[in-house]
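Please arrange chains F, E and V on chain R, whose structure you already have, making use of the hints.
Chains as they are written, first to last, in the UniProt record's numbering: chain R, 1 to 330; chain F, 1 to 330; chain E, 1 to 330; chain V, 1 to 330.
Hint data in this document are derived by calculation from the structure and do not stem from the laboratory. Beta carbons are placed, not taken as given, at the ideal position from N, Cα and C, and that holds for glycine. Take these hints with a grain of salt, some might be off.
[Said to hold, decoys possible] Result set (PhoX-like, lysine-lysine): computed pairs, CA atoms no more than 25 Å apart in a straight line:
| # | chain 1 | residue 1 | chain 2 | residue 2 |
| --- | --- | --- | --- | --- |
| 1 | F | Lys260 | R | Lys130 |
| 2 | F | Lys131 | R | Lys260 |
| 3 | V | Lys131 | E | Lys260 |
| 4 | R | Lys260 | E | Lys260 |
| 5 | R | Lys131 | F | Lys131 |
| 6 | R | Lys260 | V | Lys130 |
| 7 | V | Lys130 | E | Lys275 |
| 8 | F | Lys260 | V | Lys260 |
| 9 | V | Lys130 | V | Lys260 |
| 10 | V | Lys260 | E | Lys260 |
[What the hints assert, rightly or not] Chain V stretches covered by chain E per the calculated footprint, using a threshold of three residues with CB under 8 Å from any CB of chain E:
| # | stretch |
| --- | --- |
| 11 | 120–128 |
| 12 | 242–256 |
[Unchecked claim] Chain R residues, not near chain V, derived (Cβ > 10 Å throughout):
| # | residue |
| --- | --- |
| 13 | Gly111 |
| 14 | Glu152 |
| 15 | Asp183 |
| 16 | Ser196 |
| 17 | Ala219 |
| 18 | Gly294 |
Protein chains: 4
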Amino acid sequence: MQRFALIGAGFIGSLHARNLFRHPKVSLDVVADIDLAKAQALAAEYGANAIAIEDVFTTDIDAVLIASSTPTHADFVEQAARAGKAIYCEKPIDLDTRRAEQAVAAVREAGVPLMIGFNRRFDASHASLKKVVVRGELGKIELVQMTCRSQETPPMAYIEASGGQMRDQTIHFFDLLCWLTEDLPVEVHVMGDALSDPRIGEAGDVDTSIATLRMASGALVQIDCTRRTGYGYDERVELFGAEGMAESRRQPHRHLSIYKGSEQISDGLHADWLKRIEPTFYEALDTFVRGLEGEQVDYPNADAALRAQRIADAATKSLQTCMPVTLTWD
Amino acid sequence: MQRFALIGAGFIGSLHARNLFRHPKVSLDVVADIDLAKAQALAAEYGANAIAIEDVFTTDIDAVLIASSTPTHADFVEQAARAGKAIYCEKPIDLDTRRAEQAVAAVREAGVPLMIGFNRRFDASHASLKKVVVRGELGKIELVQMTCRSQETPPMAYIEASGGQMRDQTIHFFDLLCWLTEDLPVEVHVMGDALSDPRIGEAGDVDTSIATLRMASGALVQIDCTRRTGYGYDERVELFGAEGMAESRRQPHRHLSIYKGSEQISDGLHADWLKRIEPTFYEALDTFVRGLEGEQVDYPNADAALRAQRIADAATKSLQTCMPVTLTWD
Amino acid sequence: MQRFALIGAGFIGSLHARNLFRHPKVSLDVVADIDLAKAQALAAEYGANAIAIEDVFTTDIDAVLIASSTPTHADFVEQAARAGKAIYCEKPIDLDTRRAEQAVAAVREAGVPLMIGFNRRFDASHASLKKVVVRGELGKIELVQMTCRSQETPPMAYIEASGGQMRDQTIHFFDLLCWLTEDLPVEVHVMGDALSDPRIGEAGDVDTSIATLRMASGALVQIDCTRRTGYGYDERVELFGAEGMAESRRQPHRHLSIYKGSEQISDGLHADWLKRIEPTFYEALDTFVRGLEGEQVDYPNADAALRAQRIADAATKSLQTCMPVTLTWD
Amino acid sequence: MQRFALIGAGFIGSLHARNLFRHPKVSLDVVADIDLAKAQALAAEYGANAIAIEDVFTTDIDAVLIASSTPTHADFVEQAARAGKAIYCEKPIDLDTRRAEQAVAAVREAGVPLMIGFNRRFDASHASLKKVVVRGELGKIELVQMTCRSQETPPMAYIEASGGQMRDQTIHFFDLLCWLTEDLPVEVHVMGDALSDPRIGEAGDVDTSIATLRMASGALVQIDCTRRTGYGYDERVELFGAEGMAESRRQPHRHLSIYKGSEQISDGLHADWLKRIEPTFYEALDTFVRGLEGEQVDYPNADAALRAQRIADAATKSLQTCMPVTLTWD
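With the rest of the complex left out, here is chain R (with noise of 0.2 Å):
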């Protein structure tokens, strides 16, 4: 059984609440937020305790599940990893890249697990793609086409404390990416312009882009991100290779058809994007508890979170000067 704390009592901490509570092998022991009120009322809810964040790394503990707001999120890190306890942390470590780096460093002198909130790796069609790469069913990957589009444009307020499209959205295509093709990009070049709403490009983001990247496989990457569709949250991954292809298609919400005249109208895809990758979060919380109960997995560490965001950041630039940028590895 692993005690865990949650720190984060919002909307994605009640979501990890859930999940942490039925988790058979966990137990969710505490519950905290710069809202105390918030973290009782979501305490209580499971029959955990409320405590102050500072009195979080104290506790008897085994693991903290940092579900607050961005800019904390490096410093619970390095606390958790000073206590001593296994982190799973939603992303992004930090927005600023070396911030999120001395996070890092204090989690490897700590030898202390860390998970990154990366979860679309745990959808079920998606991490079987993953399979289908690793078997070799596709040969040699030279060609991969990602979309990720959201089905509203959130609020200005969190497009600009987001650190932009490519930080907040993309990057999780930039993991998946990596993780899936096993590779990392050696040039990226990213147009985008704020279609939806004005407002956006005022505040110096966008909300509709095409990255392309090369790998150092020589593998070609195309991912598109948009921040409103109408209709519904659509993501799809494609991997072609020499010898097949592979596709983790688009879904359906349901599966209803109905033919009338000449058409065949049927249900449209999931309404958001929470609809369409809730299990992934179970997923990614069990994934990260058997490691800790001593099982080998594979997850989004430390490495994918820093590799992911030096992705973004050259693809900001990119979007930024409109030019393509290198990438180097070493």
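Coordinates of chains F, E and V only, in the frame set by chain R:
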């Protein structure tokens, strides 16, 4: 908050326990089973009390969920009814329709709510099919096609206690049919055979059957049922009306496709019926609970239970006589 | 090069003329019709000679394609047989099975090739279904499901001359069934009704029917046929075997999908049966011609014609008596 | 009736001959080729006259279909223009855009119709995509995704004479893009590599490329092109607008699915590009002919030819310099 007693701590009982536990408006107070140790183990998992079945009806609970073995259902329904408890009973009330009618009489006398576990109605795609019918999008229903094919033939002991394929498996679709079409069959004809295992035939049952029904409205119906597919659990419903056709489609268990050579290899169907319809158990329970909380809800009640059973009896008779059987309703 | 005479210059005759003309191994020498002007017009289009029907059998042609009205088929088959011509005859040979048997006797005596226009066998997807069966991929066939739903109810004059839905429409699927399964039905039961147009019922026919058959092997079969869908031509075949299931799916007429709101709106089915199966006419002709040129080919012959007709007769009897009908084969 | 001369009796010429022959409003009078024997063989097949190319322009025909080798196109276009013949020319007019411009100038001076063989516009699904855009169903177009993946790398001799992947393969999609969106690109960036065959790289070309374009309207575009898939011909177009998304989907070559174990194995894509787009050749010709007969039609004209070529030139430059290239239009 509705306080529940669960009777039956076996496979289906455990499934119900999990849902009773996670439902926010339900308190799972009591678990009972003929095998007290089994009841204790399950009760412990969810912080409930294990008690003897005979004590269930005198405890201070609001509702009983009966998930014990079929021959015990009718007795427990009657006892629960007399004790004034609301009842959620796994299907069937009794394999013998007269005995079921007696139990229903007790329920009616007591005036307690009774819901039967015809949970396919709560499948998201089937339920949305019903809405399509109710909105009149298909016009008058003229043809219905239902497919119910289980992954693997159950053990002979199960078959022998099941009342036969019509009463055990097809009955779900008899209920679904009447509910979707708001209509009643007036004639039924069934052809069947034991094709997967001769012992099923020796036991007087079939594993593969095609039922055809004529509804009071004139609509014609086909239902095919098999006990093992070798390719997962295959369920499909098609309603053809004067103004269109709607289909609750086969459901893949994931959304991966691989293109190689001249083939597209995709994820097949769910591995078994439970994987396919698991969410319906929670939906069914939730509907029952919302009814207890005073909401106007639609669920399979005593009438539905007896109606489906009478159809299953007629279907069984047709199967045995190889002749069409007429059904009359008053 | 095979020199053909075409008898019948109506709708189906014109369709055959086009294919006869474009086939590289065929020379369309002669077109005949009771209405000589019609024959002349069609002949002119393709550089053929229009002659009187009675002169067809004395011309120096190799083969006759009979696409005249049904009541004339048997006579022309007999005359062609006696003249030693190869015969491609639209179905049926005659609505009266005894008359058809007489004509077949003449064909057998003459030893000329006879092909019947059961052209669904030549549909690319159905044909590949047959290959799957022959390769044994499905194991022993246990269940068959066939759907044949026409776009629009034909005129009453057509219905009245058709011999009834079983002999006119379902018969194609009786042939397809025997061909795909290499099996024969031993029992048939049909329920039907006139749901789209009461005049069809008054004429003693049905427009909506469900046929169930038991094959000699034990396999069970469902066939549903309707005369009008309102959503295009809907044809589908499913074979369920001990080791897998194969489906020749519904076919969209184009491949466009639109995602808006919560829906995916796609191109529906082909607008009518001809759009769906038009390529089968050329494939059927080509197979017949390859046979004439000495190749070993498989096509619906006299046996297939009589077999399908006997099943249609039994099905019609079941429809009229509301009882199952037994079929015996020597 | 339009009297045609066909120049070029090779693979594409033969394809055009077949369509010219079967078109009811076309008379294929003349076939010419540098190889007179080839012209004679093809002419004989369709009852046409074989003549020397230089004699084509003095014959009494209405239109010339130029399907000879690329380097000869511009000369024949000019000669046909001067002779006042309508021109259907396979793409490109010339690999050198200046030379193409000269030929177009001659066409404009002569005032004859010129259609270029960008036949993908005539694909039924793509064409219906255009209608969706024109009806405004998608709102303002914001994102376009196009996939063009050929089955098998062509011979090196073909590659070397092709002008490179952008001018040979991607150019079809540059035309389709401008036509579908009624928009022009202002910036293009291409990444590419020779991944299937190093000799392609040695020849200065690529076989795998991803082009990204920014349109004047602000819309962003991704096009991926590969020379060999190993899984058939893969073409797909997706238009994402402010009010919805439409997709001209991948197309299976047949409609068979087999369910076995945990998989669904379906027919894959068309075996090669010709099988996929063959019907577009007839549609394209028919549109051209309807234009000649006085109907108001929309087809790829001289402007479209030069526009696509300028984009292909810019794309080629980007590929060579690894930098984005700006396009200006007056």
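Results of checking the hints against the structure:
no.: 1; hint: F/Lys260 with R/Lys130; result: holds, 16 Å
no.: 2; hint: F/Lys131 with R/Lys260; result: holds, 16 Å
no.: 3; hint: V/Lys131 with E/Lys260; result: holds, 16 Å
no.: 4; hint: R/Lys260 with E/Lys260; result: holds, 17 Å
no.: 5; hint: R/Lys131 with F/Lys131; result: violated, 39 Å
no.: 6; hint: R/Lys260 with V/Lys130; result: holds, 22 Å
no.: 7; hint: V/Lys130 with E/Lys275; result: holds, 23 Å
no.: 8; hint: F/Lys260 with V/Lys260; result: holds, 17 Å
no.: 9; hint: V/Lys130 with V/Lys260; result: violated, 39 Å
no.: 10; hint: V/Lys260 with E/Lys260; result: violated, 34 Å
no.: 11; hint: 120–128; result: holds (count 3)
no.: 12; hint: 242–256; result: holds (count 12)
no.: 13; hint: Gly111; result: holds, 40 Å
no.: 14; hint: Glu152; result: holds, 13 Å
no.: 15; hint: Asp183; result: holds, 13 Å
no.: 16; hint: Ser196; result: violated, 7 Å
no.: 17; hint: Ala219; result: violated, 8 Å
no.: 18; hint: Gly294; result: holds, 30 Å
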